[in-house]
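Trainee: Could you build the full structure based on these sequences and the hints that come with them?
Each chain is listed here by its residues.
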Amino acid sequence: MADQQEANTLSSTFPNPPPFWKDFTPDKLARIEELKAAHTQQHGSDQAPTRIPDLPEELLNLQPPLEPADGRWRVFGDQYMLDDKLPTLEEQGIANLPSAAPTESKDVKHFDRALELKRLAKSLLLNFLELSGTLSRNPSHAEAKVQDLRTLFINFHHILNEYRPHQARESAIAMMQEHLDRTRTETMAIRTQVDKARRVLDGLGSLSVPEVPKPLGDADDEDWEAVALERESDAWAITDALFA
Amino acid sequence: MGDRLTQLQDAADQLAQQFVACLHYVHKRHDLETLGPNDKVRDVKQEQNQKEVDPLPADEFRAGMVELSRDLIIKEQQIEVLISSLPGLDNSEKDQERYIKELEDDLKIAEAQRQEAIKEKDQILAELDTVIRSIRRP
Chain U
4 MADQQEANTL SSTFPNPPPF WKDFTPDKLA RIEELKAAHT QQHGSDQAPT RIPDLPEELL
64 NLQPPLEPAD GRWRVFGDQY MLDDKLPTLE EQGIANLPSA APTESKDVKH FDRALELKRL
124 AKSLLLNFLE LSGTLSRNPS HAEAKVQDLR TLFINFHHIL NEYRPHQARE SAIAMMQEHL
184 DRTRTETMAI RTQVDKARRV LDGLGSLSVP EVPKPLGDAD DEDWEAVALE RESDAWAITD
244 ALFA
Chain G
342 MGDRLTQLQD AADQLAQQFV ACLHYVHKRH DLETLGPNDK VRDVKQEQNQ KEVDPLPADE
402 FRAGMVELSR DLIIKEQQIE VLISSLPGLD NSEKDQERYI KELEDDLKIA EAQRQEAIKE
462 KDQILAELDT VIRSIRRP
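So the protein sequences, as listed, match chains U and G.
My numbering applies: residue 4 is where the first sequence begins, and numbers increase by one.
My numbering applies: residue 342 is where the second sequence begins, and numbers increase by one.
Because the hints were derived from the structure by calculation, they are not lab data.
Small disclaimer: the values here were computed from a predicted structure and weren't measured.
Just so you know, not all the hints are guaranteed correct.
No more than 30 Å apart at the CA atoms, straight line, and that leaves these computed lysine-lysine pairs for DSBU-like [claimed, not checked]:
| no. | chain 1 | residue 1 | chain 2 | residue 2 |
| --- | --- | --- | --- | --- |
| 1 | G | K416 | U | K148 |
| 2 | U | K125 | U | K148 |
| 3 | G | K449 | G | K435 |
| 4 | U | K199 | G | K462 |
| 5 | G | K369 | U | K148 |
| 6 | G | K369 | U | K199 |
| 7 | U | K121 | U | K148 |
Mentor: See the structure below:
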């Protein structure tokens with residue numbers, strides 16, 4: 004299957020767009036809009052309809068096709084279901100080993116799952132031991148053991164895939180928690196900055212009052228100092244004269 | 342490095358590969374033995390690269406087996422560690438839903454507080470601005 008697909012991709016470049024892309028002219032788009040509006044008015048529903056019955060032939064390609072009736076669709080050579088759910092092991096024809104514990108309630112389920120996985124991992128190892136033993140004694144009996152190993156592996160993967168939605172929720176919780184923490188630290192940082200700025204403002208407010216008359220005081224001080232210097236030098240001059 | 346589930350699935354796949362590798366090793370690298378004193382190993386003429394077995398010396402072969410078995414056990418233990426560290430093992434679906442609800446509410450509150458703080462910051466900035474503008478050289 005995979006080989007076949009690979010060959011296809013190797014032999015062809017990108018496929019051409021579907022031929023109806025030429026139908027999407029502005030003129031036709033406007034017409035289908037009109038028709039849709041008319042349809043909405045006639046039937047009086049709030050939402051614009053995705054499909055209108057009885058379209059003229061040339062507008063037929065402008066509306067999406069109906070949902071597939073059997074819920075299956077194909078793209079790139081693979082089948083898909085409309086409701087994309089994990090097929091159960093029984094549907095795939097594989098024995099469901101932990102089915103002995105059916106899912107009674109949501110609470111027990113996840114704890115059991117870890118235990119079940121550990122059991123499976125141990126069984127894998129044991130079965131491999133048995134397989135190698137069987138191979139050494141009677142290789143023709145090994146087929147059954149290989150089947151057992153296969154079942155174990157598939158079960159293992161199946162449980163993990165079942166666990167995925169749980170993990171998705173868990174990651175969502177982690178991300179929300181992280182976002183919450185980040186928002187809180189941001190708020191804190193803003194608050195501290197605001198406080199700091201406010202304190203600076205307050206400081207400025209209390210400083211600016213004595214700052215206004217200061218130049219006058221400064222000038223006085225200088226005068227005083229000059230006078231003091233003069234007096235001192237006078238005193239020194241007198242003492243010099245006395246000692247001379 | 343994917344999330345833990347992907348790591349676990351990869352580990353399981355690696356374990357399967359190791360199984361195959363072990364079997365291959367034991368199958369190909371052993372030496373031919375005789376069952377009784379009267380048997381002898383037939384000398385089958387074959388191409389050089391198509392030999393039935395490619396024997397290792399006995400002690401090397403044994404050492405190889407020991408190493409491979411140890412690797413198998415280590416891998417299995419890794420898988421168990423990964424299983425134990427799966428996120429939210431003790432949380433049930435209901436717990437998760439409750440957590441998400443709580444976190445949503447908390448987030449709303451925190452966001453509101455943040456907006457408030459930003460508003461306050463803008464206000465203080467404007468105040469500071471006016472103060473700075475009003476300063477003149479005496």
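Trainee: Each hint should be assessed against the structure and marked as holding or not.
Mentor: Quick rundown of the hints versus the structure:
1. G:K416 / U:K148: 21 Å, holds
2. U:K125 / U:K148: At roughly 15 Å apart (the allowed maximum being 30 Å), K148 of chain U and K125 of chain U satisfy the hint.
3. G:K449 / G:K435: Holds, at about 21 Å.
4. U:K199 / G:K462: Holds, at roughly 11 Å.
5. G:K369 / U:K148: Distance of about 21 Å is within 30 Å: holds.
6. G:K369 / U:K199: Given pair K369 of chain G, K199 of chain U is violated - Cα atoms ~76 Å apart, limit 30 Å.
7. U:K121 / U:K148: 20 Å, holds
Violation of the numbered hints given earlier is confined to hint 6; every other hint is satisfied by the structure.
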